[in-house]
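Number of protein chains: 2
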Amino acid sequence: MSPGPIRLTGHAYTTLRPAGAACITGGFWADRRRTNAEVSIAQGPAKLEAAGNLANLRAAADGGNTFTGDYPFQDSDVHKWLEAASWQLADQPENAELAAHVDQLIALLASAQEPDGYLQTYFQVAHPEKRWQDLRWGHELYCAGHLIQAAVAHRRATGRDELLAVAVRFAVHVDSVFGPDKAVDGVCGHPEIETALVELYRETRERRWLDLAGYFVERRGHGLLDGERRPGAVYWQDHVPVREATTVAGHAVRQLYLLAGATDLAAETGDADLRVSLERLWAAMAGTKTYLTGGVGSRYEGEAFGEPYELPADRAYAETCAAIASVQWSWRMALLTGEAKYSDLVERTLFNGFLSGVGLDGDSWLYVNPLQIRESYEDSGGDKSARRTPWFRCACCPPNVMRLLASLPHYMASGDGEGLQLHQFATGVFEAGGGRVRVATDYPWGGRIAVTVEEAPGAEWTLSVRIPAWCEDFTATAPDGGAPAETVPGWLRLRRRWQPGDTLTVDLDLTARLTRPDPRVDAVRGCVAIERGPLVHCLEGVDQRPGVPFDELTLPYGAHLAVRHEPDLLGGVTVVSADGRIRGSADAVRLTAVPYCAWANRRPGPMRVWIPES
Amino acid sequence: MSPGPIRLTGHAYTTLRPAGAACITGGFWADRRRTNAEVSIAQGPAKLEAAGNLANLRAAADGGNTFTGDYPFQDSDVHKWLEAASWQLADQPENAELAAHVDQLIALLASAQEPDGYLQTYFQVAHPEKRWQDLRWGHELYCAGHLIQAAVAHRRATGRDELLAVAVRFAVHVDSVFGPDKAVDGVCGHPEIETALVELYRETRERRWLDLAGYFVERRGHGLLDGERRPGAVYWQDHVPVREATTVAGHAVRQLYLLAGATDLAAETGDADLRVSLERLWAAMAGTKTYLTGGVGSRYEGEAFGEPYELPADRAYAETCAAIASVQWSWRMALLTGEAKYSDLVERTLFNGFLSGVGLDGDSWLYVNPLQIRESYEDSGGDKSARRTPWFRCACCPPNVMRLLASLPHYMASGDGEGLQLHQFATGVFEAGGGRVRVATDYPWGGRIAVTVEEAPGAEWTLSVRIPAWCEDFTATAPDGGAPAETVPGWLRLRRRWQPGDTLTVDLDLTARLTRPDPRVDAVRGCVAIERGPLVHCLEGVDQRPGVPFDELTLPYGAHLAVRHEPDLLGGVTVVSADGRIRGSADAVRLTAVPYCAWANRRPGPMRVWIPES
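Protein chains in written order, with this note's numbering: chain A, 10 to 623; chain B, 10 to 623.
You may find that some hints are simply not true.
Said to hold, decoys possible - Footprint (simulated), chain B over chain A, 3 or more residues, beta carbon under 8 Å:
1. 237 to 243
2. 300 to 311
3. 320 to 327
4. 386 to 396
5. 523 to 531
To be clear, the hints were calculated from the coordinates, so they are not data collected in a lab.
Positions of the beta carbon are idealized from the N, C-alpha and C atoms, including for glycine.
When you get a sec, could you build the whole thing from the sequences and use the hints?
Next up, the structure:
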């Protein structure tokens with residue numbers, strides 16, 4: 010049972026509240042989280058050392074003047090790793106090696122911090138004269154935000170205050186500098202501090218942090234960042250106030266971190282106007298600017314959202330960090346509103362456009378997550394390669410994946426005054442809404458989800474299970490052998506007096522399906538995609554008959570889809586196969602589609618999610 | 010009768026030789042060239058003054074230290090305008106105002122030149138210590154190349170040597186610095202000097218310039234530019250030697266200027282291996298990386314060629330300068346090989362992806378030339394806007410358009426030992442292959458091309474007229490009333506004894522047609538385009554029935570295409586209309602398509618070339 014992010018205050022204005030405790034004990038996500046713990050997080054300190062991030066901290070502590078790395082925000086990689094390691098420590102308090110690494114890095118951060126609380130090695134070491142002088146590119150509040158998030162995680166996971174003390178000193182310094190009547194009236198070129206300050210408020214219960222978060226949210230969109238300069242105000246999220254925006258735009262991660270922070274703000278303040286804006290923006294994103302995989306931010310240029318329905322498969326940018334930010338925001342919206350559609354997108358994103366970002370080995374990464382690689386693809390290397398890479402020059406994604414996987418149990422369930430809501434399906438134990446349930450499932454390979462109540466109030470209590478939007482058919486078996494009668498959009502709800510041991514079993518129909526795209530998506534007109542349950546599948550060259558011309562493959566819309574589980578393939582995946590065609594030929598050719606989340610884990614080759622219709 | 014570019018030496022190894030003299034006297038291109046002369050070129054000096062280019066030259070002359078503009082290559086705008094103005098002066102030697110402007114700028118350049126011949130104000134004024142230190146971004150040889158081209162044009166147009174003297178001084182300086190055993194063994198991050206030096210060789214007949222051009226072509230592709238740095242060797246065209254390359258790649262303008270220079274080199278040296286490489290690269294470009302409009306360079310990221318068949322309509326970059334470079338290269342390949350396919354692409358590019366780059370007013374420009382603008386398009390302004398702009402921060406395209414239009418007559422005809430070849434169709438007079446013809450045509454609105462021989466040798470002589478690849482049917486009437494019998498691929502040839510006044514009349518069938526895309530182009534699968542003759546048409550929102558949902562329009566493949574000439578629309582254009590549909594409805598809706606070259610000249614709105622099939 011581990012603590013997690015978004016620990017709402019008692020008077021928060023949300024429909025649902027996150028689980029008080031949650032753990033994943035087996036199945037798909039447990040496997041991925043084990044690799045995350047044993048490989049990704051475990052290797053973190055060595056990766057940060059090799060990339061120079063720790064040298065920067067030592068230089069700041071020792072008064073050195075050599076900065077390593079290409080970006081002013083190098084420190085944030087350390088902060089994000091510390092956040093990931095902290096959530097992990099909550100799961101594994103006995104992991105002494107990890108605890109020692111965490112303690113070392115916290116001590117290093119403390120030693121690097123200036124007496125006035127300032128902490129960003131790029132400016133300390135290389136450009137002390139430019140402190141707070143370049144809000145567009147400096148990323149100082151961004152780094153402060155990640156430091157705060159790490160500190161909050163460390164406090165919740167360990168109960169200790171060392172890192173929180175560092176973060177609060179920095180936050181106090183920020184509060185002394187920023188404000189309408191202070192030295193700087195401005196916002197950061199990269200949102201992140203907003204959500205962090207709300208979490209700091211939640212953790213410390215000091216109102217000043219909520220107020221400061223509100224200041225940063227409200228001051229944005231008023232041209233403080235001189236949007237005349239390239240790449241322009243929309244890149245920095247300074248083109249329009251959140252309250253007035255009609256669609257998501259600009260740099261995807263910046264946009265979504267900001268909206269997550271604004272949602273945190275609305276959750277704690279009950280600001281109904283802000284909530285309406287957020288609902289509008291989320292609908293625009295999910296309806297017009299999101300890939301089938303849940304990936305967002307289609308443009309390489311500016312790592313940005315494109316226009317509505319501008320969703321190219323080949324040049325999909327779909328940064329891993331943007332998928333993470335989308336999950337973080339959607340989950341906050343799910344809590345705020347109680348609506349299942351937000352968790353539908355969380356599921357789609359987690360199982361596809363997010364998970365593709367990390368290799369099965371936990372040690373190889375994708376920064377961009379395209380939906381098509383041609384046979385003629387020429388790898389230019391670098392961060393934006395479609396080949397997995399051990400680490401990036403701009404290493405934002407790997408520790409971001411680590412912190413989401415480490416905190417994943419907290420995206421699974423929520424509670425309210427009526428009962429418990431199961432949003433995502435993983436074997437584990439979840440405590441919320443005054444009760445506790447044990448979930449057993451082979452999801453996403455199997456569709457059966459057995460929810461056994463371990464603790465419930467004596468009175469009537471409601472157990473709710475999300476019925477995914479992709480699911481056209483399901484059955485449910487109540488403890489008395491009958492089927493639950495009451496459903497509301499997206500939810501199966503069963504209200505009754507629960508006895509410990511009572512089990513609600515839901516069977517989601519996982520029949521593989523062919524999906525046609527929205528006809529407004531120009532880039533994939535005339536194509537179909539294969540999906541099964543929450544998983545988007547893709548053709549990889551390595552799975553097709555040798556010698557077939559991959560880029561000429563087509564699939565008839567009515568094709569029969571055959572399903573088989575392959576325990577020895579890609580760590581165990583269910584594969585979908587169908588009779589396709591080679592363009593210009595009537596002969597059938599067997600096509601094999603693996604889950605997109607597992608692509609690019611074998612020898613490099615072509616891949617496609619959207620297959621031209623025969 | 011005006012002189013032009015590519016004045017081959019007598020011993021050049023080309024199949025064809027450019028026209029000795031050429032002029033366009035009426036019709037479509039005459040109108041465009043008149044606007045080019047009266048508006049675009051005439052306003053050039055004021056635009057260059059306003060943008061600071063001339064202030065930079067004065068600063069260099071006066072020892073100032075204030076540089077204006079964002080780019081080290083600002084001078085090249087001046088050089089390209091001087092080249093355009095020189096070609097224009099050849100047409101209008103009586104234009105005293107233009108001649109005075111030219112003389113002033115030449116004097117200014119001469120006064121800005123260093124005693125050692127160096128001339129680039131960015132380094133002279135702002136960074137004298139960095140001269141020749143940053144070959145990747147410095148653009149010094151690039152600027153030298155444009156200076157040389159301007160000087161060659163000025164010499165050919167006026168017979169005067171002032172600008173040539175400046176250029177030769179700079180070239181001598183370059184030759185003293187660059188070479189295997191000299192101070193710098195390297196190449197420029199932006200090709201351009203190569204083609205310029207071959208032209209300088211042609212103009213001066215000094216072999217050293219051809220050798221230096223050869224050096225710059227051959228040294229490229231050997232990693233001299235430290236391709237580890239971003240954006241990488243392929244951007245700078247240093248990833249592979251031209252001789253070994255298998256496809257066009259990287260920054261499109263850089264790639265195509267280089268290949269034009271390499272073609273010039275092959276033309277003057279007879280290098281058969283180089284020619285084979287160039288033919289291979291052109292086939293790769295034309296077959297897999299060229300838009301229907303002739304536009305090339307599909308990616309915003311790096312202004313680069315994408316993969317084969319990566320040709321998105323909405324995010325087509327298709328820089329105007331890249332279209333110009335494509336025309337320049339293809340024309341050189343046409344002369345080298347004598348094959349009509351090169352002039353087919355010249356025609357497609359000139360009438361569509363090039364001409365879209367300049368507004369009908371001659372005073373508004375497009376840097377990028379997309380094939381689709383959605384209703385939801387939000388203009389972010391700046392150089393890459395899909396709205397016409399009076400000038401650009403990076404003003405490479407406008408003077409480039411000016412110089413191509415000013416020299417356009419020289420892309421129309423060629424000659425060889427047998428006779429004259431007419432590659433492009435415009436009313437005018439062309440002298441080549443020992444004869445002279447007068448052409449009368451209403452092309453591209455009408456398909457009749459009447460070629461009247463004004464002078465021909467007394468012996469048998471061959472008049473050749475290109476039959477465009479798009480043309481499925483044509484008739485030809487020989488002077489004796491019969492039809493010419495002999496054709497070779499792409500050419501109608503008539504060999505006979507010509508008398509002055511003999512007319513060959515060719516009628517190309519201009520029936521409007523629906524074009525389906527290559528099925529390998531993922532981005533426009535399931536769409537059709539409307540073409541008529543050499544013109545690609547497009548739907549613009551402003552021409553459609555008010556209130557129709559533009560992005561929902563579709564067109565049946567078998568639709569009847571109606572054609573009418575609208576003399577008062579867009580300066581006089583032929584319009585194609587057809588019955589389309591609104592997605593989800595069976596009702597017909599009349600669609601009206603104007604030539605793509607005339608788009609974006611009225612109120613802003615959506616546009617598309619590729620229309621989804623009903």
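Practice prompt. Go check the segment 300 to 311 of chain A versus chain B for me, would you? Three or more residues, Cβ under 8 Å, otherwise it fails.
Written response: Per the Cβ count (3), the hint holds.
Discussion item. Between the segment 386 to 396 of chain A and chain B, are there enough contacts, at least three residues with CB-CB distance under 8 Å, for the coverage claim to hold?
Written reply: holds (count 5)
Practice prompt. Examine the segment 523 to 531 of chain A: at least three residues should have C-beta closer than 8 Å to a C-beta of chain B.
Written response: holds (count 3)
Item to complete: Examine the segment 237 to 243 of chain A: at least three residues should have C-beta closer than 8 Å to a C-beta of chain B.
Response: Answer holds; 3 residues pass the 8 Å Cβ test.
Fill in: Within 8 Å of chain B (C-beta), three or more residues of the segment 320 to 327 of chain A
holds (count 4)
Hint compliance for this structure: every hint is met.
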